[in-house]
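J.: Residue strings, one per chain:
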Amino acid sequence: METLAVGVTALELVAVFVAALSGGLAAVRKKFDMFGVLVLAWVCGLGGGILRDVLIGDTPPVGISSWTLVAAAVGAGLVTCVLHPGLARLRRSVIVLDAAALGLFVVQGTTKSLELGAGPLPSAVVGVLTGVGGGVLRDMLVGEVPMIFADRQLYASPAILGAGTVAALWSADLWSWWMGIVVAVLVLGFRLVSLWRGWLFPHVGVGWTGRWGRESGSMDT
Amino acid sequence: METLAVGVTALELVAVFVAALSGGLAAVRKKFDMFGVLVLAWVCGLGGGILRDVLIGDTPPVGISSWTLVAAAVGAGLVTCVLHPGLARLRRSVIVLDAAALGLFVVQGTTKSLELGAGPLPSAVVGVLTGVGGGVLRDMLVGEVPMIFADRQLYASPAILGAGTVAALWSADLWSWWMGIVVAVLVLGFRLVSLWRGWLFPHVGVGWTGRWGRESGSMDT
Amino acid sequence: METLAVGVTALELVAVFVAALSGGLAAVRKKFDMFGVLVLAWVCGLGGGILRDVLIGDTPPVGISSWTLVAAAVGAGLVTCVLHPGLARLRRSVIVLDAAALGLFVVQGTTKSLELGAGPLPSAVVGVLTGVGGGVLRDMLVGEVPMIFADRQLYASPAILGAGTVAALWSADLWSWWMGIVVAVLVLGFRLVSLWRGWLFPHVGVGWTGRWGRESGSMDT
Numbered sequence: 001m002e003t004l005a006v007g008v009t010a011l012e013l014v015a016v017f018v019a020a021l022s023g024g025l026a027a028v029r030k031k032f033d034m035f036g037v038l039v040l041a042w043v044c045g046l047g048g049g050i051l052r053d054v055l056i057g058d059t060p061p062v063g064i065s066s067w068t069l070v071a072a073a074v075g076a077g078l079v080t081c082v083l084h085p086g087l088a089r090l091r092r093s094v095i096v097l098d099a100a101a102l103g104l105f106v107v108q109g110t111t112k113s114l115e116l117g118a119g120p121l122p123s124a125v126v127g128v129l130t131g132v133g134g135g136v137l138r139d140m141l142v143g144e145v146p147m148i149f150a151d152r153q154l155y156a157s158p159a160i161l162g163a164g165t166v167a168a169l170w171s172a173d174l175w176s177w178w179m180g181i182v183v184a185v186l187v188l189g190f191r192l193v194s195l196w197r198g199w200l201f202p203h204v205g206v207g208w209t210g211r212w213g214r215e216s217g218s219m220d221t
Numbered sequence: 001m002e003t004l005a006v007g008v009t010a011l012e013l014v015a016v017f018v019a020a021l022s023g024g025l026a027a028v029r030k031k032f033d034m035f036g037v038l039v040l041a042w043v044c045g046l047g048g049g050i051l052r053d054v055l056i057g058d059t060p061p062v063g064i065s066s067w068t069l070v071a072a073a074v075g076a077g078l079v080t081c082v083l084h085p086g087l088a089r090l091r092r093s094v095i096v097l098d099a100a101a102l103g104l105f106v107v108q109g110t111t112k113s114l115e116l117g118a119g120p121l122p123s124a125v126v127g128v129l130t131g132v133g134g135g136v137l138r139d140m141l142v143g144e145v146p147m148i149f150a151d152r153q154l155y156a157s158p159a160i161l162g163a164g165t166v167a168a169l170w171s172a173d174l175w176s177w178w179m180g181i182v183v184a185v186l187v188l189g190f191r192l193v194s195l196w197r198g199w200l201f202p203h204v205g206v207g208w209t210g211r212w213g214r215e216s217g218s219m220d221t
Numbered sequence: 001m002e003t004l005a006v007g008v009t010a011l012e013l014v015a016v017f018v019a020a021l022s023g024g025l026a027a028v029r030k031k032f033d034m035f036g037v038l039v040l041a042w043v044c045g046l047g048g049g050i051l052r053d054v055l056i057g058d059t060p061p062v063g064i065s066s067w068t069l070v071a072a073a074v075g076a077g078l079v080t081c082v083l084h085p086g087l088a089r090l091r092r093s094v095i096v097l098d099a100a101a102l103g104l105f106v107v108q109g110t111t112k113s114l115e116l117g118a119g120p121l122p123s124a125v126v127g128v129l130t131g132v133g134g135g136v137l138r139d140m141l142v143g144e145v146p147m148i149f150a151d152r153q154l155y156a157s158p159a160i161l162g163a164g165t166v167a168a169l170w171s172a173d174l175w176s177w178w179m180g181i182v183v184a185v186l187v188l189g190f191r192l193v194s195l196w197r198g199w200l201f202p203h204v205g206v207g208w209t210g211r212w213g214r215e216s217g218s219m220d221t
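Chains as they are written, first to last, in the UniProt record's numbering: chain W, 1 to 221; chain F, 1 to 221; chain P, 1 to 221.
Next comes chain W alone, as it looks inside the complex (with noise of 0.2 Å):
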């Protein structure tokens, strides 16, 4: 368990960094100075699991107060000031690696709330953001809808079903440490086949009121 514990945090904190490239990129593109891409490569990485903390009630987060977690997320940040030509190349890799950091990201939100006694459906509910929030967050920040809400891609749709997974088995006390492995790969399995296959959500009012057999022609109002 000890090693584990060593291998997840080695996870955790490649994670945070993966996430804090992308916010530290889009503070690039948006031409923000250096202390911005810092920020925002901050937030991008760590802010779901503040969001996360502050809803419940686990306070200092450990996205401030953690040495390692604040250093992987302020270090992508100084690599992007420095690489980010570079990084538009690794767009591929990048997100592999996302969609890795997504399903740890839920998988270890959801336990964590579980674990302070949080019960399943708000533990659900912040395992979700600590996956998503983060760039929920990065897309506010710079002044644009959070694309996670219209691009129609699944990249909640795993990060909720890993998240309920997660809580169900544990109200059931079916609960035990290597199903988180096995629900975080699910995730990222989830998510890159999506992506694969170009999946896409449903348009609201296309996949829906079809069923009911009208509105076909004009669906937005």
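No lab work stands behind these hints, which were simulated from the structure alone. Warning: the hint list may mix true and false statements.
Just so you have them, the derived chain F footprint on chain W, three or more residues with Cβ under 8 Å [claimed, not checked]:
1. 29–40
2. 117–130
3. 139–147
4. 151–158
For every residue, glycine included, the Cβ atom is placed at its ideal position computed from N, Cα and C.
Here the structure of chain W is known, so what remains is to put chains F and P in place on it, guided by the hints.
T.: Leaving out everything else, chains F and P in the frame of chain W:
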């Protein structure tokens, strides 16, 4: 009192449902996908209460931990997905129900905070936030300046008067449960009368500098 | 010490008032109505402290529970409503007072967090947030990208140095109350000198990639 509690809970679910509809509709208007519509409905129906609970330290907030409340908000999102072309025609009813939700949220937010021992000023502030916070978060998430700050309508004013009245009565030891109903109805009435009579909040510069008799021509710098 | 405490409280009210003015003016510029001006003044004067208190779990935050602080912020909003045409002419004084407010907020935010036992890193982070958070929230509420991320001015840098110094001295058991005054004055001085000399933060890509001697032509992707 038991019957009253059940009645209040039912009322609260209706209030959350109605408030969530406005979030869902805003998301449809912005062409969000289905996940975005559900999230906006949740934020708009329960975001004010989540702000309240975070500010008074009652975590996890009921907006993520209560099955019935979350179901009411997400249910409104699903209804918006299916029925949004028809909801536009219900605009008038939605305005009345939204004013009722405002009254209920303000009274319930203020009293919850007072019951947790938070003092009259913070309780009035979180009472107002409970009423108007969801709409502010909704507007920020769809990338718009919060309507409530600029549309000059009397929406926050009834909320402030209602929350102030509750906090004052409570501080003077004059509170009893039926006053909550009276104040909620007064907030609803004030809101509807202001809409009916077309009352508007003064533009900064006009109403005010006029009283000092200057800057009557050009009021905005 | 009693006199000092009174002096600090008076200073804090002035700092909140000055910071709130900048929120009120931003709201007037965006043609918000009077309610919007008052809310923006409150958010800008007290939002940083509210973030601090939520992050360190000291709820309800003083930004909603202290009569004098709320009165100072809302009072600044009222003053903005009445006097905004004249306030533009005071720009120079406002900049100096705002730099003083920054120094005070940073020192007071960091020490408050340390006193509550939050450790040097989270305390420095919330100290910086206390100083700059109100302005970030102001910019988000008026629909703009936070100025502090992109204007290259040295505003966050003095805050970070100040908060880091306080946290380091505290951790080394070298802290005594008068150092707070020294650090606040240093933050103020650093900010003013940087404005006077026109110091700017490096653009990402220029200052950094130059040191590795590449990408000197096109730095933004």
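J.: Which numbered hints does this structure break?
T.: 1
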